[in-house]
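Asker: With the sequences and hints as input, model every part of the structure.
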Amino acid sequence: MPKIFTLFMISILLLYSCSEDRDDNLTLQTDAKTTFSFTHYWDDTQITSSDFNTIQYTNANGETLSIETLRYLISDVTFTKENGEKIVIEGYNLVNLKTDTNLTYSPLDNIPLGTYTNVSFTFGFDAEDNIDGAYLDLNSESWAVPNTPMLGSVGGYHYMQLEGKFTNSTTPETGYAYHVIRAADGNTNPPTIEETFIEVDLGPITIERDINFEIKMNIAEWFKNTFQWDLTVWNTMLMPNFQAQLKMNQNGQNVFSLGAVTQ
Amino acid sequence: MMKPCPVRHAINRENAFTDDSATSDGIDGIFGNRNAMPLFNLAWNYDERFAWDGKELSLERQALEPVQNPIEMHSDWDDVVAKLATHPEYPKLFRLAFKTTTITKELTTKALAQFERTLISANSKFDKFSLGETTLTPQEQNGLAVFLDESRGDCFHCHGNPNNPLWTDNLFHNNGLDANFSDLGLGRVTGDPNDNGKFKSPSLRNLAFTAPYMHDGRFETLDAVIDFYSEGLQNSPTIDPLMKKVEDGGVQLSNQDKADLKAFLLSLSDPSFLTNPDFQN
Chain A
1 MPKIFTLFMI SILLLYSCSE DRDDNLTLQT DAKTTFSFTH YWDDTQITSS
51 DFNTIQYTNA NGETLSIETL RYLISDVTFT KENGEKIVIE GYNLVNLKTD
101 TNLTYSPLDN IPLGTYTNVS FTFGFDAEDN IDGAYLDLNS ESWAVPNTPM
151 LGSVGGYHYM QLEGKFTNST TPETGYAYHV IRAADGNTNP PTIEETFIEV
201 DLGPITIERD INFEIKMNIA EWFKNTFQWD LTVWNTMLMP NFQAQLKMNQ
251 NGQNVFSLGA VTQ
Chain B
1001 MMKPCPVRHA INRENAFTDD SATSDGIDGI FGNRNAMPLF NLAWNYDERF
1051 AWDGKELSLE RQALEPVQNP IEMHSDWDDV VAKLATHPEY PKLFRLAFKT
1101 TTITKELTTK ALAQFERTLI SANSKFDKFS LGETTLTPQE QNGLAVFLDE
1151 SRGDCFHCHG NPNNPLWTDN LFHNNGLDAN FSDLGLGRVT GDPNDNGKFK
1201 SPSLRNLAFT APYMHDGRFE TLDAVIDFYS EGLQNSPTID PLMKKVEDGG
1251 VQLSNQDKAD LKAFLLSLSD PSFLTNPDFQ N
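Those protein sequences? They're chains A and B, same order as listed. Everything in the first sequence is counted per our numbering, starting at 1 for the first residue and increasing by one. Everything in the second sequence is counted per our numbering, starting at 1001 for the first residue and increasing by one.
The hints are simulated quantities; they were obtained by calculation from the structure and are not laboratory data. Hints are supplied without guarantee of correctness; some may be wrong.
[Claimed, not checked] The list that follows gives simulated cross-link-like pairs (lysine-lysine, DSS-like), each with its CA atoms no further than 27 Å apart:
{"#": "1", "chain 1": "A", "residue 1": "K216", "chain 2": "A", "residue 2": "K247"}
{"#": "2", "chain 1": "A", "residue 1": "K224", "chain 2": "B", "residue 2": "K1262"}
{"#": "3", "chain 1": "A", "residue 1": "K247", "chain 2": "B", "residue 2": "K1245"}
{"#": "4", "chain 1": "B", "residue 1": "K1245", "chain 2": "A", "residue 2": "K98"}
{"#": "5", "chain 1": "A", "residue 1": "K216", "chain 2": "A", "residue 2": "K33"}
Answerer: Okay, here's the thing in structure tokens:
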């Protein structure tokens, strides 16, 4: 008898919970959790941390190179409604491919279901957010830009650190540190500051339920389009190099694209 | 009084809680193969890997190991726990801390880890400068500029900046000490040849008291360290991409920049740290 009773109770519970679930899906979901997954490519070849440390990629200028470090920051994911209104998710995500950290980013705020004319994010920090010393977790990540006259006395944070070794027929293996920051020339008076964060548009989307966006970075783009980067000339000490920072910004325009969208 | 603390680094407070020999000697005077790493501000070590080669995973685990490592202490935990249990004071202290008089090795290491986390040093001249309580000399200011300048010192990428006053990135790098490694460092722990010759960037606080320098204590003075970064770099497959002009041995700092860099580094030392009575036994 007790056994039958238990069985009965379990069935009731199961039935009850099943019907609850169904109701949830049908009538209650008005907003969706969004997730962004970051994947990395050299043109068509996917790169993961297990591909690091080996000289195997050829850039547009003909140097072969390895990747030892790739970290970059994205912020202010934005959904633009059909009426032009923007939902901005304040916050940032520091992707670290070397340690496979933060390769997915799920903002805490849900987004109302519906049609959006654009999904976008900022590569780096915009001027409003790039505040010297403002983010404690980033401060301890060796991510800060020194607040020195040489760099325009504005401080702030790196946008990207791409590092490794390169070589060509005449250059032995040499380190490079492609560090992207806000362009600043401290040699002019007053210093010349140019905001070099990048607004990345992913295009329109209709959100029907929880959704995952794949964000692809084509690392080869940093070296080819539209400026053919010569690593033998520009390999390190690029932070105070105002011209190099402008070229990084130019090449960064087509680095990101939207991959698979699943919902 | 019995030394309660199997982490012998914490015993010698004149040397910022490391010892002053090139490699730390264990209780019987047998030399281990590493210079002891300074112990301070460890609570901010976010990724939980300690020790020069990243072998220790948390403060608790680090406190456990010296007892089991025969070079550092000829003893095992049963011994240590038994000694603590029969000690006139420790059971009382354990009851205060953990609400039990039963001393175990887990609780002992917890107590040690808590002690290590209180070794906070924040009273250097530079700390006071950051608080607006004092000014830097022109020499120290230029030294800081060299430290933060990617084309001169470029020390900040690995050793922090005024917004990261731990003065370390807590990451592993090969800073170009050797062309061939007698100690594989992180590589010995991970087994990955890409990690060979990588050691954790140490904090630059309290350098005035922590000579000799580097994991093997090869440099007696800060001048020798600065000369090394300026013109003594050795190439190897895992050398950090941030080490520049390796083919020339480094960026060749001017004598003025070297002297100023040293003055700045010394401003990160905190004399009060050595005399805080809370850290004596």
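Asker: For K216/A and K247/A, compute the direct alpha-carbon distance and say whether it is at most 27 Å.
Answerer: OK: K216/A and K247/A at ~21 Å, within 27 Å.
Asker: Does K247/A pair with K1245/B here, judged by a C-alpha cut-off of 27 Å?
Answerer: Status holds; Cα separation ~23 Å.
Asker: Could you grab the alpha-carbon distance between K216/A and K33/A and see if it respects the 27 Å cut-off?
Answerer: Holds - the C-alpha atoms of K33/A and K216/A are around 20 Å apart, at most 27 Å.
Asker: For K224/A and K1262/B, compute the direct alpha-carbon distance and say whether it is at most 27 Å.
Answerer: Violated - the C-alpha atoms of K1262/B and K224/A are around 42 Å apart, more than 27 Å.
Asker: CA of K1245/B to CA of K98/A, is that 27 Å or under?
Answerer: 24 Å, holds
In the structure shown, a violation is registered for the earlier hint numbered 2 alone.
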